[in-house]
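From first to last, the protein sequence lines stand for chains D and A. Just so we're aligned: the first sequence equals residues 37 to 577 in the working numbering. Just so we're aligned: the second sequence equals residues 37 to 577 in the working numbering.
There could be a bad hint or two in this list.
Which copy? The list can't say, so a pair holds if one copy fits it or any two copies do.
Straight-line distance between alpha carbons at most 30 Å, and here's what the computed DSBU-like set of lysine-lysine pairs gives [stated by the list, open to error]: (1) Lys328 / Lys353; (2) Lys353 / Lys379; (3) Lys39 / Lys54; (4) Lys405 / Lys39.
Honestly, the hints are just simulated from the structure, not real lab data. Small disclaimer: the values here were computed from a predicted structure and weren't measured.
2 protein chains.
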Amino acid sequence: MLKGLMMDTPLAISALIKHADRHHGDAQIVSRRVEGDIHRCTYRDLHRRARQMANALGTLGVQTSERVATLAWNGYRHMELYFAVSGSGAVLHTINPRLHPEQIAWIVNHAEDKVLCFDITFLPIIEAIAAHCGTVKTWVAMIDKDRMPPSKVSLTCYEDLINANSDRYEWPEFDENLASSLCYTSGTTGNPKGVLYSHRSTLLHTYAAALPDALNMSARDAILPVVPMFHVNAWGLPYVAAMTGAKVVFPGAALDGKSLHDLFEAERVTVSAGVPTVWQGLLTYMEANHLKFSTMNRTVIGGSACPPAMLRLFQEKYGVNVLHAWGMTEMSPLGTACTLKNKHLDLSPEQRLAVQYKQGRVIFGVDMKIVGDDGGDLPWDGKAFGDLLVRGPWVLRKYFKEENVDPLRDGWFPTGDVSTIDPDGYMQITDRSKDVIKSGGEWISSIDIENVAVSHPAVAMAACISARHPKWDERPLLVVVRKPNAQVTKEELLKHYEGKIAKWQIPDDVVFVDSIPLGATGKMLKNRLREQFKDYRLPSA
Amino acid sequence: MLKGLMMDTPLAISALIKHADRHHGDAQIVSRRVEGDIHRCTYRDLHRRARQMANALGTLGVQTSERVATLAWNGYRHMELYFAVSGSGAVLHTINPRLHPEQIAWIVNHAEDKVLCFDITFLPIIEAIAAHCGTVKTWVAMIDKDRMPPSKVSLTCYEDLINANSDRYEWPEFDENLASSLCYTSGTTGNPKGVLYSHRSTLLHTYAAALPDALNMSARDAILPVVPMFHVNAWGLPYVAAMTGAKVVFPGAALDGKSLHDLFEAERVTVSAGVPTVWQGLLTYMEANHLKFSTMNRTVIGGSACPPAMLRLFQEKYGVNVLHAWGMTEMSPLGTACTLKNKHLDLSPEQRLAVQYKQGRVIFGVDMKIVGDDGGDLPWDGKAFGDLLVRGPWVLRKYFKEENVDPLRDGWFPTGDVSTIDPDGYMQITDRSKDVIKSGGEWISSIDIENVAVSHPAVAMAACISARHPKWDERPLLVVVRKPNAQVTKEELLKHYEGKIAKWQIPDDVVFVDSIPLGATGKMLKNRLREQFKDYRLPSA
Numbered sequence: 037m038l039k040g041l042m043m044d045t046p047l048a049i050s051a052l053i054k055h056a057d058r059h060h061g062d063a064q065i066v067s068r069r070v071e072g073d074i075h076r077c078t079y080r081d082l083h084r085r086a087r088q089m090a091n092a093l094g095t096l097g098v099q100t101s102e103r104v105a106t107l108a109w110n111g112y113r114h115m116e117l118y119f120a121v122s123g124s125g126a127v128l129h130t131i132n133p134r135l136h137p138e139q140i141a142w143i144v145n146h147a148e149d150k151v152l153c154f155d156i157t158f159l160p161i162i163e164a165i166a167a168h169c170g171t172v173k174t175w176v177a178m179i180d181k182d183r184m185p186p187s188k189v190s191l192t193c194y195e196d197l198i199n200a201n202s203d204r205y206e207w208p209e210f211d212e213n214l215a216s217s218l219c220y221t222s223g224t225t226g227n228p229k230g231v232l233y234s235h236r237s238t239l240l241h242t243y244a245a246a247l248p249d250a251l252n253m254s255a256r257d258a259i260l261p262v263v264p265m266f267h268v269n270a271w272g273l274p275y276v277a278a279m280t281g282a283k284v285v286f287p288g289a290a291l292d293g294k295s296l297h298d299l300f301e302a303e304r305v306t307v308s309a310g311v312p313t314v315w316q317g318l319l320t321y322m323e324a325n326h327l328k329f330s331t332m333n334r335t336v337i338g339g340s341a342c343p344p345a346m347l348r349l350f351q352e353k354y355g356v357n358v359l360h361a362w363g364m365t366e367m368s369p370l371g372t373a374c375t376l377k378n379k380h381l382d383l384s385p386e387q388r389l390a391v392q393y394k395q396g397r398v399i400f401g402v403d404m405k406i407v408g409d410d411g412g413d414l415p416w417d418g419k420a421f422g423d424l425l426v427r428g429p430w431v432l433r434k435y436f437k438e439e440n441v442d443p444l445r446d447g448w449f450p451t452g453d454v455s456t457i458d459p460d461g462y463m464q465i466t467d468r469s470k471d472v473i474k475s476g477g478e479w480i481s482s483i484d485i486e487n488v489a490v491s492h493p494a495v496a497m498a499a500c501i502s503a504r505h506p507k508w509d510e511r512p513l514l515v516v517v518r519k520p521n522a523q524v525t526k527e528e529l530l531k532h533y534e535g536k537i538a539k540w541q542i543p544d545d546v547v548f549v550d551s552i553p554l555g556a557t558g559k560m561l562k563n564r565l566r567e568q569f570k571d572y573r574l575p576s577a
Numbered sequence: 037m038l039k040g041l042m043m044d045t046p047l048a049i050s051a052l053i054k055h056a057d058r059h060h061g062d063a064q065i066v067s068r069r070v071e072g073d074i075h076r077c078t079y080r081d082l083h084r085r086a087r088q089m090a091n092a093l094g095t096l097g098v099q100t101s102e103r104v105a106t107l108a109w110n111g112y113r114h115m116e117l118y119f120a121v122s123g124s125g126a127v128l129h130t131i132n133p134r135l136h137p138e139q140i141a142w143i144v145n146h147a148e149d150k151v152l153c154f155d156i157t158f159l160p161i162i163e164a165i166a167a168h169c170g171t172v173k174t175w176v177a178m179i180d181k182d183r184m185p186p187s188k189v190s191l192t193c194y195e196d197l198i199n200a201n202s203d204r205y206e207w208p209e210f211d212e213n214l215a216s217s218l219c220y221t222s223g224t225t226g227n228p229k230g231v232l233y234s235h236r237s238t239l240l241h242t243y244a245a246a247l248p249d250a251l252n253m254s255a256r257d258a259i260l261p262v263v264p265m266f267h268v269n270a271w272g273l274p275y276v277a278a279m280t281g282a283k284v285v286f287p288g289a290a291l292d293g294k295s296l297h298d299l300f301e302a303e304r305v306t307v308s309a310g311v312p313t314v315w316q317g318l319l320t321y322m323e324a325n326h327l328k329f330s331t332m333n334r335t336v337i338g339g340s341a342c343p344p345a346m347l348r349l350f351q352e353k354y355g356v357n358v359l360h361a362w363g364m365t366e367m368s369p370l371g372t373a374c375t376l377k378n379k380h381l382d383l384s385p386e387q388r389l390a391v392q393y394k395q396g397r398v399i400f401g402v403d404m405k406i407v408g409d410d411g412g413d414l415p416w417d418g419k420a421f422g423d424l425l426v427r428g429p430w431v432l433r434k435y436f437k438e439e440n441v442d443p444l445r446d447g448w449f450p451t452g453d454v455s456t457i458d459p460d461g462y463m464q465i466t467d468r469s470k471d472v473i474k475s476g477g478e479w480i481s482s483i484d485i486e487n488v489a490v491s492h493p494a495v496a497m498a499a500c501i502s503a504r505h506p507k508w509d510e511r512p513l514l515v516v517v518r519k520p521n522a523q524v525t526k527e528e529l530l531k532h533y534e535g536k537i538a539k540w541q542i543p544d545d546v547v548f549v550d551s552i553p554l555g556a557t558g559k560m561l562k563n564r565l566r567e568q569f570k571d572y573r574l575p576s577a
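Here chain D stands alone, though its shape is the one from the complex (with noise of 0.2 Å):
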C-alpha cells in the first residue's frame, strides 16, 4: 500500500482556539452573565484566558483524560472551559442542570469528575450532592471574586484561578481520537448513558456542521446559541464559532422573549438555534409588543419537529429563514439540516415550506437508512416509514464504561427514531420507535396522533400511547390536558379526528388527565404514562 504524502496532521479542538485567536483575535464574545451585566470580550482574551485555565488545571492535579464538569448557562467562562479542558487532554464533561439533582450525583460518580465548575444558579444542586460525589475534588463557581457566595461547600473561584496561573501554554499534540467530551443522554428510561466523543469526531462535526448544507456559518456572522452548551455542546455551535471567526452572542440564563429580543437587537445577531419551546416564548412576546428582527436572517430548530404554524410565522412576517435539523447525543449532535436543492429554487413559497417541514437532508458524512421490523431496507418514497439507523465518524459505537455492550445493529446506530425518507432523501420524523403504535402489523404515528388532538382549541397538552389489545396487539389511547376552563368530550375529539387521518388510526379511546410529565427537556415521559395506564382496558377491548 503507498501512504499519501501529505503532512500528518492530528485533528485537534485546540487548533480551533488557535486558528480563532490568530485569524479572529478581535471578533467578540458578548455574555449576559449571572452578575446580571453584559461582558464582553474577543477571542484573544478568550484564547488567553483558556490557557491559564488549562494550567490551572494542572495545578489542580487534572491527568490527561480525566474529566472536568460543567454545569453552567451559555457564556465565556463556560466557552473557556470547552477549550481548556479538551484543549490540555482532559475530558469536558456538560451537565443538564435541569435534572434532578439525585440523577446529577449519578453522573458525576459514573463519569468520575476531578472538577466541578458551576454558574452559582446552580449552587443549591452542588450543595445537595457535594457530600455525595467523592471523586470531585474542587468546587469551581464560575462568578468575579467579589460576587462569591458563603456556602456549607468549600468553594474555588474561576476567577482566582485564572489569575493565579500563566498564560504560557502549548497545547499539547496527541492521537485525534484522544476523548475530548462527554454527554449523558437525558435517560427517560433506566440510568444515564454517556456519550464519549473524541478530538478527531468534534473537528470532523464542526466542518460538516459548517456546511452550506447545514447550519451555514461564516465569519459574517453573529451567532445566538439559545440551545444550552449542557445540551450537547449547544449543537455544536462554540466549536463552529471558533472554526469561522463568528460573533458569539451567549444569553446566560435570560431566556425570557424580552431578554433575547434585547440581546438580538443590540448585538445584530444574524443567527440562532433552539429548541421550539424557546421560539414560542420569543414569538408571543414579539407578537405581543409588535416588534421585528434588524438583523436576523434565520434560525436553526432542532431538539423536537418545529411546528408548521411557526415555521410559516417566522419566515413570512419576519423574514427570519426557518432551517428545521434533526440530531442526538449519540451523534455530537447533527444528522440532517433541512436546506434546499437547485431543483427547489423555482418552487412556490407554499411548496417550499413543505419541503422545510421535514427534518431535511443528511449533512455529509452521516449515512441514515430506514428498517421495517424485519430489518430490511425501506423505500425512499417519503410514505413507509420505519426505524432509523444512522452511522458515520460523529456516531456514537459504544456507551462510557458499558464497552462490553453493542449498541449497533449490524454497524449501524438505531436512533430509537421512526421516520420516512423521500425520494430526494429528505427524512421526516414521524415518531419515537418505543412510542409508535404497533396495531396489527400496521405502524400508527402516536406524534399525528397528538398533532391532531392539540389542534382542538380546547386541548392543552396531548399524549398518544398504545394500550394492549387482544385482536390488534396494540391500539392508540389518547390522555388528554384541557385548556384551563375549556370544555370538550371524548366524542367531540374523536369527532375531530374524522377527514383528518385514516379512520383505523383513530384512538380507540380518551382519557383526560390534570397533568401530563415531563422530563428535563420538557419532552413527555410517555413511559411513565405506560406505567400509568398499563392496566387500562380499552372499551372495544
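With chain D fixed as given, assemble chain A onto it according to the hints.
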C-alpha cells in the same frame, strides 16, 4: 489514554460518490464533449459507470496503489475516473496536456502509469509518447465507439470498457492515508515533482473547500469548473460537487468567451472558477456583444492575482461577486479565500474592494506565517513581506519518490511565494521568492514593478528580473514587449514610475524584446529570462 467511543469510519473518496448518488441521484452532470454535442447524465448514472469502470480497471490488471493517468478536458468521463480510480484503491494521475510531449513522457515514466485515459484531442501526444512509455499497458480513448480514431497506437475504447463490465461493485474500505491521486507541479525549474494526495487529505480539503468562508458550495449551486481537472483536480471542485450534490456543468475543450457564456446561460450556472486569462476572454466577448449573466452570482479567481479592474468589472457591471483565492499543487490546492468578516459588513463598496484585492484568509485547517531572511516571524501589519510558509493536513510533506529529501523548513512548507499578511489575517502575494529583487538588504517586489509597466498604454507584457550589482547585490531590470505599432522609450517608461513607487525601487534599466517565454500554465518563465540576461551589465554598475 481514553479514546473516544465514536465510530471508526475512515475518510474515503468513494463516500463522496455514494453520497451524491444516494442523496442527489437525479442532479445533473452536463458536459460539452469532444464529440461536439452536449451530454447529460446524473450522479446516479455517473456512479453506475464509475462502478463499471472500477471493474474494468480490475480486468486491466490495475492493482491497489498503481497509477492510472488521464490527459483530458473537464467532462463526465473524467469525473467518472476520479471516483473509479481512487475509489477502487488505485491512484488517479491527472496530467497537464499543455506540457511538452517529452515532459509528459517523463512524467508518465516517473509515475509508472499502468493505464492512460485520454480525450482524442490529445491523440497526437499519445502517438508521440507511446513508444517511450513502457509501463503503460492500456491506452484508453475517452470517446464513443463509433468515433474511435484510427491510430498507429493500439487503443481501447472507454465505452467498450464500460459496456463490458458489470455495475455490481462494492467500494473497498481501506486506511484513510492510502494514496488517492497524484499531480505533478509544472516545474519551471528542473524536472516536475509529484504531489501524492491521500483519501484523508482529499476529504478534509473537500469539507474545508465547501465552507461558507471558502468556496461556499451547496446543493443549490450549478458549478461550471473552467479550471481544468488536470490542474490540481480543478481546485477540488469534482469532490466538492459530489459532497454537496450540486449540478455540474463541464465546458470540455471550448473555453472561448462565446462557448462559456452560452453554457452559463443555457445551464443556469450559479458559480464558476478559473484563472484570470480565461475570464479576460469571457469579459471581452460579453462587452463586445452587450451580454449579461442571468444566474451567475459569483466566481472564484485564482492561479494568479486577479487584476483589480477585472474584479471591479465583474462585481459592478455584471453583479458577479469575485472570490479571490490562493493555493498551490502542494496544498491540494486551497490555502486562502478572500471572504469578508462581520466587521466588514458596514464598509463602503470601495473599502470592500480594497479587502477583496488580497488573496484572503486561510481556510480552517491551514496554518500560515511569513518569515524574513533569518527565518524569524514577520509582523502581520499588511506591510512587511517575507517568505510565506504553510502547514496542515492537506499540505505536502514529501514529494513522490523523493522520500529522502525533506522539502519542509521546521515542519512548514515553503510556498515559494512572498507575501504580506494584514492584522485581520488577509494575505497578499507580493512576489515569488525566486523573483523578488534583493537590493542592499531591502526586498523589491518584481510584480509591483511589472504592474506599473503594464499600466503604460504602450506595454503589452513586462517582466522584472534581478541583475547583478556590485554595490546592491541585485537591482531590478525591466524586460518589456511593446504592443504592436506602439512606441515607448526607456526614458518615458522610467518616468512613468515616478510617484507610483519609491524612488529606490525604480528599475535601473529597461530592455525591449520581441517576446517573453511562457510556461504551460501561461506564466512568464522568468528563469529563462534570468538565464538570457545573466551576463547583462547594468548601466549604473
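Please work out whether the CA atoms of Lys353 and Lys379 approach to 30 Å or closer within one copy, between two copies, in both situations, or in neither?
So Lys353 and Lys379 pass the 30 Å test inside a copy (25 Å) and across (28 Å) alike.
Please work out whether the CA atoms of Lys405 and Lys39 approach to 30 Å or closer within one copy, between two copies, in both situations, or in neither?
Classified as between; 27 Å across copies, 32 Å inside a copy.
How do Lys328 and Lys353 come out at 30 Å by Cα distance, when the copy is not named: within, between, both, or neither?
Cα proximity of Lys328 and Lys353: one copy only (9 Å, versus 34 Å across).
Between Lys39 and Lys54, at a C-alpha cutoff of 30 Å, which is it: within one copy, between copies, both, or neither?
both (29 Å within a copy, 23 Å between copies)
In summary, the structure agrees with every hint in the numbered list given earlier.
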